[in-house]
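Relying on the hints, combine the two individually framed chains into one complex.
Those sequence lines, one after another, are chains A and B. First residue of the first sequence? That's 1 in the numbering used here, and the numbers climb one at a time after it. First residue of the second sequence? That's 1 in the numbering used here, and the numbers climb one at a time after it.
Quick caveat, the hints were computed from the structure, so don't treat them as lab data. Just so you know, not all the hints are guaranteed correct.
In silico DSS-like links for lysine-lysine, alpha-carbon gap of 25 Å or less [said to hold, decoys possible]:
id, chain 1, residue 1, chain 2, residue 2
1, A, LYS146, B, LYS257
2, B, LYS232, A, LYS198
3, A, LYS68, A, LYS146
4, B, LYS257, B, LYS232
5, B, LYS110, A, LYS146
6, B, LYS110, A, LYS198
7, A, LYS68, B, LYS110
8, A, LYS275, B, LYS257
Just so you know, these numbers come straight off a predicted model, no measurement behind them.
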Amino acid sequence: MTAPALSVTGLRAYYRTSHFGVEREVKAVDDIDFQVGVNEIYGIAGESSCGKSTLIKTIAAAIRPPLKVLAGSVVFNFGGRAVDVYRAGEREIDGIRWRHLSYIMQGSMNVLNPVRRVRNSFVDFAFRHIGRSTAEFTRVVVDHLKRLHLEPEVLDAYPHQLSGGMRQRVAIALATVCRPEFIIADEPTTALDVIVQKGVLAMIRDVQREIGSSLIFVTHDLAVHANLCHRLGIMYAGRLVEEGPTSEVFRQPLHPYTQHLVSSLPRIGDAEPKKGLEGAPPSLADPPSGCRFHPRCPVAMDVCRGNVPPMVTVAPGRRVACFVAAPESRP
Amino acid sequence: MSATLIEVAEVGRTYAMGGLFSRHRVRAVDSVSFAMETARPEIFTIIGESGSGKTTLARMILNMVAPTEGAIRFRGTDLSTIRGAEARLKFMRAVQPIFQNPFEAFNPLKRVDRYLFMTARRVAGLPEGEVEGAADTALRNVGLSLAEIRGRFPHELSGGQLQRVAIARALIPSPALIVADEPVSMIDASLRISVVNLLRRLRDEMGMSIIYITHDLATAYYISDRIIIMRKGQVVESGDARTVLDRPQHPYSIALKAAVLSPDGTNEKTEVTSHA
Ligand SMILES: Nc1ncnc2c1ncn2[C@@H]1O[C@H](COP(=O)(O)OP(=O)(O)OP(=O)(O)O)[C@@H](O)[C@H]1O
Ligand SMILES: Nc1ncnc2c1ncn2[C@@H]1O[C@H](COP(=O)(O)OP(=O)(O)OP(=O)(O)O)[C@@H](O)[C@H]1O
Ligand code: SF4
Ligand SMILES: [Mg+2]
Ligand SMILES: [Mg+2]
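Excised from the complex, chain B in its bound form (with noise of 0.2 Å):
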C-alpha cells in the first residue's frame, strides 16, 4: 500500500471548441502537480478565476474526463488503468464528488431520496434495513432530516436545501478523498459556517481528505491547510493556506484578495427617483 492518497502529476487537458470559421483550443488545464498523504489527512483547496479548470481538474481526479497530458494516481494506482465494474466501485466507494450547481447535478425527474438510497446501496453496499438511516444520520449531518425531504423532486427544494442534500449524499460511503466543487455557494453565512466545520470534523475525526474549491476567501482561510490559486489552466501560486492568503505573491493571488467584498461597503450607488 503505498503512502500517497491522490497524486497529480503534470496534468493538462485540452478541448476543442468553436464554430465552423472559428476553431480553437482550450487550454483548460495546464500542467498541474501536487500530492496528498495518506497519513495526513487534509483540506487541500483549489480556488481561482471562474473557468480557470478548477472544474475539469475535480473532473479528471473523479476519473470522468481523462487527461490529454500527465497521470493521476490514486493509492499508486493510475486511473487511466481502472477497468471493469467491481474497480470502478472500489474508486468510487473511496473518492466521492459534491458537484457545482445543485441544480444541474440532479436529474430534474428523479426524486432526490433515491439517489441517497442508491448510494448507501450500491456504493456502500450497505444492507437494506439500514439505508434510510444512513440517509437520514448524513442529512442530519448538514442541518437537514430524511422527513424533510422524503419523495421530493430537486425543484421542490430551495439552492441551499439541494446543495445540502448533495453534500450528505458524498458522506455515505464514508470516502477517503471528497471532490467538493463550490458545496456551499448557494449556503448563508450562518449554515456555511456548520458545513464548513462539518468538512473539518470529517479531517480531525474520520480522517477523510477533502478537496475544497471555493470563491470564499474567508471560508478557505478558515478551514484549509495547503492551498493553490488557479488562473487560466495554471496554478499561479500554492503553499500553505494562511501564508498565502496573509501574504499573496502573485499579482493574480493579491488582486483576487484585494477584491473581495467589504460588508461596509464601499459602492457608488445612484440616487433613487422614487421611494417607496
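Isolated chain A (complex conformation) (with noise of 0.2 Å):
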C-alpha cells in the first residue's frame, strides 16, 4: 500500500470578521480528518453553506483573511515528495500550482482575464507546462476543448461573449489541460445541462484513469457523486459526519443526516417533491452545542445535546459521527 496523496488531519478554519464593530467567528471547518489515496475520486457533500468550500480553499493553500487555519494539517505527497501546505513556503506553494495540484474555484470566474481573449488565459497558465511548439500547443488545447463539448472558437472570445456553461467549462479544460496529479473541484457541472455534464464527468475520468491523478470533488448533486467518485464524506455543519465507498453511502447510510440526504434524491417523474429537511441550516457563527444536527435529528438524545460524537471507524472503510448509528463511541 502506498502513502496516501493527501492527508488531513485534525483540520480547524474560521472567518474572524468584525462588522461595525461585531466580532463574528465562523467555525466553518472544524476538526477534520480524511485521506485521499492515489488514483482516488473522493466526493464531499452537503447543505448550502456548510463549510464545503472553505474545506476546499483550505485544502488548497487557498486561503486569504478573515479565513484563518486554527489547528491542523494538510500534507500533499506527488510521487514521494510530501508537501505540508501549512509549512512549506509560498515558494514551494507556487511551485505545485498547475502542473501539480489544480484547484477549480466555485463559480469558476475567477481565472478568466475578462479582458482578455480565452486563448492568452490558456497560453499564460499552461503554455510553459506543457512546453510545445505553438502549434502542438493548439492542437492539444483543441483536442481537449473538444471533449469538453466545446469549438476551437471559443479561443478566440473574451470571457464575456461566452454562456455560463461554456465559461464554466473553459475553467475545467484550463484546470485540467496540464493533466495535474491532483485536481480540486468545486460545484464544476452546476452550470451544465446533463448531456455536456455527462461529457464533462467522462472527461474528467479519463484524465483521471490516463495519469492516475487524484481529486475532490465538491458538489450538492449526489447523483453526481454516485456517477464519479470512489468514496463519498459528508459533510454536516462544519463537520465531517460519515464517510465510505459511495454505493455504500447510498446503499445504507449510517448518518442521520445522510440518510435524509438520500431518501431525499429527486428523479423526473416525481410529482410532488420529496420532503426537505425541517428546521434551517445552523449558524456557523454560533452552531448547536453537542452533535450539531441534533436539533434536527429524528433520534436525537440527551446525550446529543453536551456531547460531540468523535468519527469513529463502524467497519472496514466505513467511518461516522453519531451516537447512534456508533453507539459504543458514546461517553
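In C-alpha cells, the structure reads:
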C-alpha cells in the first residue's frame, strides 16, 4: 500500500470578522480528518453553507483573511515528495500549482481574465507546463476543449461572450489540460445541461485514469457523486459526519443526516417533491452544542446535546460521527 | 390594458465573434416565439443545451439586450420603445431578474444587503422605515435573514447563500414577472425544494408569472406549467411540461432525458491504487 496522496489531520479553519464592532467567528471547518488515495476520486457533499468550499480552499492553500487555519495539517504527497501546505513556503506552493495541484473554484470566474481572449489565459497558465511548439500547443488545447463539447472558436472569445456553462467548461479545461496529479474541483458542473455534464464527467474520469491522478470533487448533487466518486465524505455544519465507499453510503447510509439526504433524492417523474429537512441550517457563527445536527435529528438523545460525537470507524472503510450509528462512541 | 403579459414574437439575436482572422457570426437566439397571459399566471420553463441561447433570450425579455430580429411586448408595449427613467423604472418594477451565477452578478466591492435596500427604495419605492423589514421578509422566504447577511460582502457568503440573496432581492418589488436564470443551480436538493415551492406559491398566491431557466429536469417536472426545449438558438420542442418530459418527441429532448444521471450510479470507476 502506497502513501495517500493527501492527508488532512485535525483541520480547523474559522472566519474571524468584525462588522461595525461586532466580532464574529464562523466555525466553517472543525476538526476534520480524512485521506485521499492515489488514483482516487473523493467526493464531498453537504447542504448549502456547511463549509464545503471553505474546506476545499483550506486544502488548496487558497486561504485569505478573514479565513484562518487554527489547527491541523494538510499534507500532499506528489510521487514521494511530501508537501505540508501550512509549513511550506510560498515559493514551494507556487511551484506545485497547475502542474501538480489544480483548483477549480466555485463560480469559476476568477481564472479568466475578463479583458483578454480565452486563448491568452491558456497561454499564461499552461504553455510553459505543456512545453511544446505553439502549433502543437494549440492542437493539444483544441483537442482538450473538444472533449468538453467546446468548439475551437471559444479561444478567440472574451469571457463575457461565452455562456455561463461555456465559461465553466473553459475553467475546467484550464485546470485539467496540464494533467495535474491532484485536482480539486468545487461545484464545477452546476451550470451544465445533463448531456454536456456527462461529457465533462467522462473527461475528468479519463484524465484521472490516464495519469492516475487524485481528485476531490465537491458538489451538492448526489447523483454526480454516485456516478463519479469512489468514496464520499458527508459534511454537516463544518464537520465531516460520515465517510465510506460511495455505493455503500448510498445503499446503507449510517448518519441520520445522510439518511435524509439519500431518501430525499429527486427523480424526474416526482409530481410531488420529496420533503425537505425540517428546520434551518445552523449558523456556523453560533453552532448548536454537542452534535451539531441534534436540533434537526429525528433520533436525537440527551447525550447528543452536550457531547460531540467523535468520528469513529464502524466497519472497514466506513466512518461515522453519531451516537446512534456508533453506540460504542457514547461517553 | 392588454390581456397578454409578455409576447415574444419571432425573436432572434446574432452576435459577431472571433479574432482577426476568423470572424464569424453566432446565432444565439433564432426565431423564438411564445406568449404568457395576464389572467393565467404560470411557470414557463426553458431547458436546453449549454450555449443554446437561454440567457440571451432572458436578457432580451429583461430589455438588457435588444433583439436583432422580431419584437418583445410587455403588456402590449414594445420593449424597444421604452425610453426615459420613469418608463424604465416602471418596467423594472414589473419584471425582475434573477441572474445566472451569483458570483458574477454581485459587485464584489459592494455589501450584499445594499442591493436589497436599493431595490426596496428605488424599485419598490418603499418609505425608509419599511426598507429593512421588506429585505428581512424577502430573505426569510429563502431561508436566510437580514441578521445573517448584514454588512457582508459577496465573497463572504457561500454559493447557495448568495444565490438565495439574489432570489430574495427579486421578490421585494412584488413583480408581475420574474425571469429566473438557473436560480437553484448551487442549492442542495433539500433547500431547492423549499425554493421551488416558493416559486409555486408566488404563482398561486400572488399571481406572479415566472420564466424559469434550469438544467434540473426533476424540479422542472414538478413546478412547470409549460416548457420549451432549446438547442442552438432554436426551440426544438414545446408544450405542456409533464407531457413533454414524460414523452419527449424531438431526438434532442429524448437524449437530454436519457442523460439525467441516476443516483443509483452506473459508472465505470477505476480501481484505486492506494486507500486511505
Ligand atoms: N470570507 C468569509 N467571511 C465570513 N464568513 C464566510 C466567508 N466565506 C464564507 N463564509 C461563511 O462560512 C460558511 C461556510 O461557507 P462555504 O462557502 O464553505 O459553504 P459551502 O458548503 O461551500 O456552501 P455552498 O454549497 O452554498 O457553496 C457560510 O456560513 C458562509 O457564510
Ligand atoms: N455578448 C456576446 N457576444 C458574443 N456572443 C455571445 C454573447 N453573449 C452570448 N453569446 C453567444 O451566444 C450563445 C448563447 O449564449 P447564452 O448565454 O444565451 O447560452 P445559455 O443557453 O444561457 O447557456 P448556459 O446554459 O451555458 O448558460 C453562445 O454561443 C454564446 O457564446
Ligand atoms: S449524534 Fe445524536 S443528534 Fe447527532 S446525528 Fe446521531 S443521533 Fe442525531
Ligand atoms: Mg461552496
Ligand atoms: Mg445561461
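Exercise. Is the hinted pair B:LYS257 and B:LYS232 satisfied, with a Cα-Cα distance of at most 25 Å?
Worked result: Since the Cα atoms of B:LYS257 and B:LYS232 sit roughly 18 Å apart, the hinted pair holds (cutoff 25 Å).
Problem set entry | Distance restraint between B:LYS110 and A:LYS146, which requires alpha-carbon spacing of 25 Å or less | Roughly 38 Å between the alpha carbons, so the hint for B:LYS110 and A:LYS146 is violated.
Exercise. Are the Cα positions of A:LYS275 and B:LYS257 separated by 25 Å at most?
Worked result: 23 Å, holds
Exercise. Is B:LYS110 within 25 Å of A:LYS198, Cα to Cα?
Worked result: 36 Å, violated
Exercise. Do the alpha carbons of B:LYS232 and A:LYS198 lie within 25 Å of each other, as the hint requires?
Worked result: 19 Å, holds
Exercise. Given the hinted pair A:LYS68 and B:LYS110, is their alpha-carbon gap at most 25 Å?
Worked result: 23 Å, holds
For this session: Take the C-alpha atoms of A:LYS146 and B:LYS257, compute the straight-line distance between them, and say whether it is at most 25 Å.
Result: 23 Å, holds
Exercise. Is A:LYS68 within 25 Å of A:LYS146, Cα to Cα?
Worked result: Given pair A:LYS68, A:LYS146 is violated - Cα atoms ~40 Å apart, limit 25 Å.
Violated hints, listed in ascending order, are 3, 5, 6; each of the other numbered hints is respected by the structure.
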